[in-house]
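Peer 1: Residues 1 to 283 in the working numbering are what the sequence shown spells out, letter by letter.
It is possible that some hints are incorrect.
Only pairs whose alpha carbons sit at most 20 Å apart, straight line, appear in this in silico SDA-like list of lysine to any residue [unchecked claim]: (1) Lys192 / Pro132; (2) Lys192 / Val130; (3) Lys192 / Pro212; (4) Lys192 / Val214; (5) Lys192 / Leu14.
Calculated from the structure, these hints are not laboratory results.
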Amino acid sequence: MWQAPPAPVSREWLPVLDMPAPGPQNRWTVLLRALLLIPQFVVVWVLSVVAFFVTVIGWFGALVLGRLPGFVADYLTAFVPYETRVTAYLMLTVDRYPPFRFRTPDYPVQVGLRPGELNRLAVLFRIILVIPASIVQGLVYAGWWMVSFIIWFVVLVLGRMPQPLYEATAAILRYRMRYAAYLVMLSSAYPKRLFGEEPGSEPDGPVSATRPLVLSGAGRGLLVAFILLGVVSWTSSITVSVNSGDDNDDGTNPTQHVIAPLVPGPADRAPRSPLGQVQPLGW
1 MWQAPPAPVS
11 REWLPVLDMP
21 APGPQNRWTV
31 LLRALLLIPQ
41 FVVVWVLSVV
51 AFFVTVIGWF
61 GALVLGRLPG
71 FVADYLTAFV
81 PYETRVTAYL
91 MLTVDRYPPF
101 RFRTPDYPVQ
111 VGLRPGELNR
121 LAVLFRIILV
131 IPASIVQGLV
141 YAGWWMVSFI
151 IWFVVLVLGR
161 MPQPLYEATA
171 AILRYRMRYA
181 AYLVMLSSAY
191 PKRLFGEEPG
201 SEPDGPVSAT
211 RPLVLSGAGR
221 GLLVAFILLG
231 VVSWTSSITV
241 SVNSGDDNDD
251 GTNPTQHVIA
261 PLVPGPADRA
271 PRSPLGQVQP
281 LGW
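Whole structure, please, built from the sequences with the hints as guidance.
Peer 2: In structure tokens, the structure reads:
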């Protein structure tokens, strides 16, 4: 009896992150990593402000066209890799300083993006749909920064990042990049696979150290630890905020209730690393 041939299995394409395996790092650049990145922090902040307004324009355009307008896609496909390269250098996964250029085909950290057709309903509710992914990436990133001083010290002493720590850090970088790509509508695929892929998931063989990203047991354990530390960090922040609000209700600072609605928040509440540098806020 004749049977219809099976329908082809469509494989969802996710934005990819290609990075080299962990190698030796210059201890001087590790020691001064946060200071060296100050110019990049300024550039990323300016680019992110522009990216915000471009994304708003792209959101309206995607609702009408079912895809991002060309100029919006061009800018955002340059911005997301730029921010990812800076974050990768900040998180000590590479030793080569990120260039002040959008197109860097020779840089060791590469991001693959394929903007295309978008579901208009998913675009309309993008801010709501992205909340779970935002929580996940926020927790794991906050957890990494809670122990960033220890990570920095380990890399400084060893002159390289240990493999399990590299795996966990690369997983965080990739998930944050996929979250950013989904948020700004460069990808219709929801961020996933924080804990990596199974061996052999690339049909043509490994492309780089992070494609496929296969985590060892130690690497997965570190990711779980980062998530738990992130929960602790967020819980502590909420507790401090609640206690501060209770103190203000006692009348210790009567002017704050008038000023608070006029400003985003006091400068001393900006997220900081253990080294005292303000962390760049990723998308």
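Peer 1: Just to be careful, I want the Cα atoms of lysine 192 and leucine 14 compared with a cutoff of 20 Å; is the pair within it?
Peer 2: holds (8 Å)
Peer 1: Keeping to a limit of 20 Å between CA atoms, is the pair of lysine 192 and valine 130 held or broken?
Peer 2: holds (12 Å)
Peer 1: Taking 20 Å as the top limit, are the C-alpha atoms of lysine 192 and valine 214 close enough?
Peer 2: Cα-Cα ~14 Å, so holds.
Peer 1: For lysine 192 and proline 132, compute the direct alpha-carbon distance and say whether it is at most 20 Å.
Peer 2: holds (11 Å)
Peer 1: Given the hinted pair lysine 192 and proline 212, is their alpha-carbon gap at most 20 Å?
Peer 2: holds (14 Å)
Hint violations for this structure: none, all hints satisfied.
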